[in-house]
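> Here are the chains, one letter per residue:
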Amino acid sequence: MIATAPALPSPVPNETAFALALGLLLLAPLAIAGLALVNTGLGRSRSAAQAMLGNLAIAAVAVLVFALAGASIAGASGAASLSIRAAGKSWDLLGLGPFLLGGLGAAAPQAQLALLFEFVAVAMTAMIPWGSGADRWRLAGGCAAAAVLGGIVFPLVAHWSWGGGFLAGLGANFGLGAGFLDAAGAASVHLLGGLAALALVWIAGPRRGKFPKEGLSTAIPGHSAVYVLFGCLLTLVGWLAWNVAGAIVWLHAPLAALPGTAIGTVLSASAALLATLAITRFRFGKPDASLCANGWLAGLVTSSACAAVATPFESIFAGAVAGLVTPLLVELRELALSIDDPSGAIVVHGAAGLWGLIAAGVFAAPAGQLLAQLVGVAALLGIALPLVYLLFALLNRAIAFRVDPDGERIGMDLHELGGSAYPEFVLHRDESYR
Amino acid sequence: MKYAGLLVMPAGFFLTLAALVLFADGTRRFAFVLCGLAVVAMGLAVAVRSHMPAKGANRP
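Order-wise, the sequence lines are chains A and B. Going letter by letter, the first sequence gives residues 351 to 784 in my numbering. Going letter by letter, the second sequence gives residues 26 to 85 in my numbering.
Chain B with its partners taken away, still in its complex shape (with noise of 0.2 Å):
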């Protein structure tokens, strides 16, 4: 899953690119770009949880 995150992120930030390319309204771009955001923020989060220590391990 540590990678899985760090996968998913490279492909928001293609769909940020995207929405510049397929729409030249501001709006449909705008709306666009912040989807390829969230999809980042989506990676990050798997990225961040799949790091957590897990409940009760051994820790250093």
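Isolated chain A (complex conformation) (with noise of 0.2 Å):
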């Protein structure tokens, strides 16, 4: 059934805060570049071109097809969609907007910021299993799955999350709160950037030689821990400005509950990067630099779910958590569970989005909203995982995701490129002699 359905409160901001929603959606790219410098330096230096030129490629390829066809599918709240009417109740399962951005020029301010958030937003969402598949994930591979999640599979979540769909209105459906509470993508964009992750390496399997026949993982470390440890500071200016934007297009918020959220972000990150560093500290003797990177960012990623509804003490509680949680999950996941994920993203992006869209849950104030939450987080896991890892799975037939053994032995900039990323630097001795 086509419906239109009826508009969700959805006040025009006043120019100060499109003004400001504005100025904050250019900044927030700096989240992106932060990404993409942890993803790079974690992975091989003889992988380094291709993994920052994949980053570049994977958001150019889903920014353009979700402009292209992504876009109608997650709408906008108070526009078509297609619904269902069950059990005496509507529900919206995707938008059926105009192709090609049609209508753009004339949409509501609000309805352009809001695309505008999502270009940011899609372009994240697909550049975090990049991380994961460094060393043998082939551009090519990279930018088709860049695509189906562009085109297909985040545009489904941002409109039952942002786009007025079903989880949306689970407060006026079923009186769950405010409905699912996703304001500034830790769901539509961590989450699901973290499933995906999982599906890829499912699919694409471990580096050569990570796990081997007999005895524990071997340890690949990243190859530069500067460029990981700046990525992290750019992700902070990035992630303010996208928290707070979060909040003024996705939740109406005044202009004088928005340097609040700008603390709940910050003090996260801390109380998760300090955690993380005194339990590294703890267990292996010394801090471990990738995990405190991880951890931070695993703070970063809570407060994309909690900072807009979370007092500073829950902000900090939300980020410690994530902090401790975060190397014990790494740990589990790769020796005992033997999943090779160089970026961490599956656990940093995944594993704490979940953790930040419960908290919010908790610490927002209508009653019902941790349900809500609850059922927000069934659908991704639900729904979203196993729609990826079966376009996954047919696009890796299509197109293999996996570079060949040789490849993987030279590095994925010669074979891919044809040039390495640091020319000037003999990088691997062993194999110059060969």
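Think of the hints as simulated: they come from the structure by calculation, not from any bench. Since we're looking at a predicted model, the values are computed, not measured. Cβ atoms here follow ideal geometry from the backbone N, Cα and C, with glycine treated the same way. Warning: the hint list may mix true and false statements.
Stated by the list, open to error - Pairs of lysine-lysine residues, derived as DSSO-like cross-links and limited to a Cα-Cα distance of at most 30 Å, are as follows:
id: 1; chain 1: A; residue 1: K560; chain 2: A; residue 2: K636
id: 2; chain 1: B; residue 1: K27; chain 2: A; residue 2: K560
id: 3; chain 1: A; residue 1: K563; chain 2: B; residue 2: K27
Unchecked claim - Under 8 Å between C-beta atoms, here's a sample of chain B residues computed to sit facing chain A:
id: 4; residue: L31
id: 5; residue: P35
id: 6; residue: F38
id: 7; residue: T41
id: 8; residue: V46
id: 9; residue: F55
id: 10; residue: V58
id: 11; residue: L62
id: 12; residue: V65
id: 13; residue: L69
id: 14; residue: V73
id: 15; residue: H76
id: 16; residue: P78
With the hints as a guide, bring the two chains together.
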């Protein structure tokens, strides 16, 4: 049944809020730049150029495909949508907006801001799995996966939570708080990106030599801790902009509430970093730089869900839990589950996003909010993960994700680009003699 | 088994939706939604387990 959904309350922001949100959304891509540095730094030096080019190409493909087709599915609150009627309720499943950004010029400023937010969000979502596939995922496969994420999966989830879909309508239909809260993309971006990363590593498999026949997994450290840690600093700027912009665009937060969102973001990340630093110091005798970076990012991801609804103390608590759990889950993932994820995206984006969404349900004031968050999490895990896995598995048959063994041995830079990221340095002396 | 786990996961999600439709009482709803999430988690566990390389198997 095609219907025009009843418009949810979405007051047009005043000019100050509009200008502020626009300015913040122009800064938000710094989060993407930071993530690109983290993804690249955690991979091998012989794949660094391919990793960084992949980040750019994947963001470009995801944004273009989303603009051409995905934005139609993502829709907007109050716009035409496909809904079914069951159990006396209307279930809004996907948007049916115009293709190719039709009618954008005449759209309300609020709708244009929402679209810009979704552009940044889809680029980030598509880049998250790229770090997990480092050192073995072909550029063509990465771009194809970005097209699938940008054209089908992200728009679907974005419609459910941002475009007036059934998750957003849980409040109006079932009295569950304000409906599913996803102010800054903890679900649509991070949890979805983390699940896509999990599907990818299942399909592509681990790097050669990562899990030998005998003994424990082999540690393959990232090639530049400086890239990784500077990337973390850069993500803070982007995340601050992103979380505050999300509060304006999706929660219609008043200006007076915005500093609290920014404060919550910083507190969450700081608590997470210190918690990870303490736990790695305790477990390994010295702080671990890459795990601390993972902890910092996990705190930021948690803040994407919580910062707009939590008090400063609650933000510290949510961040600290994320920081404590992240290194333990990374260890579990690698040692017990044999999942090779160089960037740690499955834990950093997936698990921390999941925790943040549940914590937001606990901290948010309206009754029933926790239940709405749990249903949203079930939708992501129960529908989005199998869908992504199925689409990636089909795609892998058409465009092989994994590079051939020789390409993996010489490195993705030489194999795919014909040149190294660091041509002035001899990086692999053993191979240069072969 | 890979696909069995992935097929169980949507079933868990539909259980959470059924909880919203079937129960008006908050406590029962909450309990039923948790059951749905447990089914999702079970499917995820099966999927994770079936993707793990067997011990001693030839690995890349």
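> Hint by hint, say whether it matches the structure.
For each hint, the structure was consulted:
1. K560(A) with K636(A): Since the Cα atoms of K560(A) and K636(A) sit roughly 24 Å apart, the hinted pair holds (cutoff 30 Å).
2. K27(B) with K560(A): Answer holds: K27(B) to K560(A) is near 22 Å, not above 30 Å.
3. K563(A) with K27(B): Answer holds: K563(A) to K27(B) is near 22 Å, not above 30 Å.
4. L31: Holds. Min distance 4 Å.
5. P35: Cβ of P35(B) sits 5 Å from chain A, so the hint holds.
6. F38: With Cβ-Cβ at 3 Å, under 8 Å, it holds.
7. T41: holds (4 Å)
8. V46: holds (4 Å)
9. F55: holds (6 Å)
10. V58: holds (5 Å)
11. L62: Hint holds; L62(B) Cβ to chain A Cβ min 6 Å, cut 8 Å.
12. V65: holds (5 Å)
13. L69: holds (7 Å)
14. V73: holds (6 Å)
15. H76: holds (5 Å)
16. P78: holds (6 Å)
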